[in-house]
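**Student:** Protein chains in written order, with numbering that gives the first Met the number 0: chain D, 0 to 333; chain V, 0 to 363.
Worth flagging that the hints you see were computed from the coordinates, not collected in a lab. Mixed in with the good hints there might be a few duds.
[Said to hold, decoys possible] Example chain V residues on the side facing chain D (calculated, C-beta under 7 Å, incomplete):
#1 A151
#2 P200
#3 R239
#4 G242
#5 N278
#6 E281
#7 L320
#8 G341
[Stated by the list, open to error] Cβ-Cβ distance ranges computed for the label pairs, FRET-style:
#9 V:P164 - D:D100: 40 to 48 Å
#10 V:N174 - D:A281: 28 to 36 Å
#11 V:T193 - D:E115: 29 to 37 Å
#12 D:E198 - V:A241: 47 to 55 Å
#13 V:G282 - D:I313: 38 to 46 Å
For every residue, glycine included, the Cβ atom is placed at its ideal position computed from N, Cα and C.
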Amino acid sequence: MSFLSKTLGTVAALALSTGAALADPALIYDLGGKFDKSFNEAAFNGAERFASETGGSYRDIEIQSEAQREQALRRFAEAGFNPIVTTGFAIANIMGEVAKDYPETKFVNVDGWLPEVPDNVLLINFQEHQGSYLVGMMAAMASESGTIGFIGGMDIPLIRHFGCGYAQGAKAINPDINIIANMTGTTPTAWNDPVKGSELANAQISQGADVIYAAAGGTGVGVLQTAADQDILSIGVDSNQNHLHPGKVLTSMLKRVDVAVFEAMSAGEAVETGKFMTLGLAEEGVGYALDDNNASLVSEDMKMAVDTARQQIIDGDLEVTAYYTNDSCPVLDF
Amino acid sequence: MDRMPPWADAVLVPLFSLVLAAILSALVILAIGESPTQAFWLMVDGALMRSAGWGYTLYYATNFIFTGLCVAVAFHARMFNIGGEGQAMIGGLGVALACLFIPFPHWIIALLFVTVAAGVFGAAWALIPAYLQATRGSHIVITTIMFNFIAAAVLNYFLVNLLRPPGSMDPATANFPEATHLPTFQEMFSTAETTLFRGSPANVTFFLAIAACVVVWYLIWRTRLGYEIRAFGHSETAARYAGISPVRITVVSMLISGALAGMMALNTTMGEAERLVMNATEGAGFIGIAVALMGRSHPVGVFLAALLFGFLYQGGAELALWTDIPRELIVVIQALVILFTGALDNMVRMPLEKIFLSLRRKEA
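For reference, chain D alone in the conformation it holds in the complex (with noise of 0.2 Å):
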């Protein structure tokens, strides 16, 4: 009897163990949603990458409310899920929380900040502002009305963010170009209405912008639709957004989740935690596409124009200046 417990023990120990050796690693989408053609899908792409080049498989959820970001936490983690992957700065705090009461689990969250990172939290950010500065290069080169647009989603600082990096870029190439900048709205559905981004758009073309930059999520949608319609050009977001429509899309502005995603999967347990990790031009954590679909658009002049700022910015002999140094913009009012 005692013998067989005990082999049944080690047994199951070993069962255990093994179990928690291969663990699976879990995926949190942020509110906007798996299939937002941006930010989240970008997450979820990463996901697929890891289950289709390791073999590996996953589970994710859609929240549907605050409360859930702690509660899909906390069950994940006690199902055995490691590491537990994150999407957007709005979880971010919750998780610091949480990830105390687990100790061996790993948590990674893209975009978030918090002001201590726990051992066991790994927090990876972009550095969105040298990409948008990029693009904004583009568009001041590609804009012939000397007037372009800028289309954000819910008017938080990170999208200012963007913004502020896009305008930065436009000023310099062109000192007196004009920006109108508009945000959908102060909501979280702001991240995903496309038909008020397509007003938007509209209203700014109108003004004269012949080339939009949008950082909206779900939204953006909308404003590249509207732009291929008017005839004008879009600048896409996070994911490369230029197959939307070929020849229409100058470029998308990539920010990376989806290599953030794929590392942090593909790591397992073993993903170093306890820090920030900052992805910027230098780590190819943005940049802007380039592509059979934007090949025309894009001439040898503003290829070479965007690569030497590129490697400037990477050499730090050039400064993009952050909205959040002193949460304003030096060059553009929101």
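Position chain V relative to chain D; hints supplied.
**Tutor:** Just chain V now, kept in the frame of chain D:
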């Protein structure tokens, strides 16, 4: 006698509506290739079989009790307050300002003061639509729903420009001080050996919600003001003839309604997040309409309907966690219940009434 007995009205109609909604939901789940029975048990298991699940169910139910009562009180005066969402947002602002800027020594004192703050802020947000309705005839449905958007903008302004701690990106306030922490069910009911309600957000405001049910019942059926509200609701001309001021009743009932919506923020903001976040209301203001309709604007009914919706929310979360049923379909299932219990009430009621009538005729 052309009506069915009260028990049938109160129990049978909602029950039949629920069964119809469940059947339709099962068909929807079947259509996407998942098993409805498995889904149902997953919901029951996740929401009712574990204490942590109950913790979430009761947390959601607390929100829905407050917003359900908010809509119910206005209903009694024949007003359709669909501004519960905005009133709760502004109530949340009151909660945040009180918690952040008044140094409370103990949570009991804090809860008393903050309840008042939440109520006053929520009521203040209902005051303008109420006044416009009472004196200018601006329809309350239009004004309250527009005030939801204004509330969102006001809240956004406060959070982004004034209350956001430096360095933070999240449009949210700083964390509230430790002294304003409300006891959660986990702290109240766990013993040394067993942890109950682990990690769930249900907290002491649930009892406040029950108290609110009792107060509303007393107010509506046992006070002069409640009588005036009901009289006004049944017939404005008769109420006017009886010397009841329509302006006063409109404004007062909307103030009570707004205060109840504002108090919902106690649960989400002071009880759960312990800071004010952008969308703390999560649509509970709108769910309150369905809760009040299903609960026949009676506090007991509101309480039961709120529990049901709490179950649907928590069960829906479990479905999202452990199945591949997409989020949108979970909303469809929740919406079916709202549709059948709220909007399609007569579809069930009329045949039932006919059955009862024919039974009675046979007896006679």
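**Student:** All the hints need checking, so say for each whether the structure fits it.
**Tutor:** Status of each hint after checking the structure:
no. : hint                        : verdict
1   : A151                        : holds (5 Å)
2   : P200                        : holds (6 Å)
3   : R239                        : violated (40 Å)
4   : G242                        : violated (44 Å)
5   : N278                        : holds (5 Å)
6   : E281                        : holds (4 Å)
7   : L320                        : holds (5 Å)
8   : G341                        : violated (20 Å)
9   : V:P164 - D:D100: 40 to 48 Å : violated (24 Å)
10  : V:N174 - D:A281: 28 to 36 Å : holds (34 Å)
11  : V:T193 - D:E115: 29 to 37 Å : holds (32 Å)
12  : D:E198 - V:A241: 47 to 55 Å : holds (50 Å)
13  : V:G282 - D:I313: 38 to 46 Å : holds (45 Å)
Hint violations for this structure: numbers 3, 4, 8 and 9, all remaining hints satisfied.
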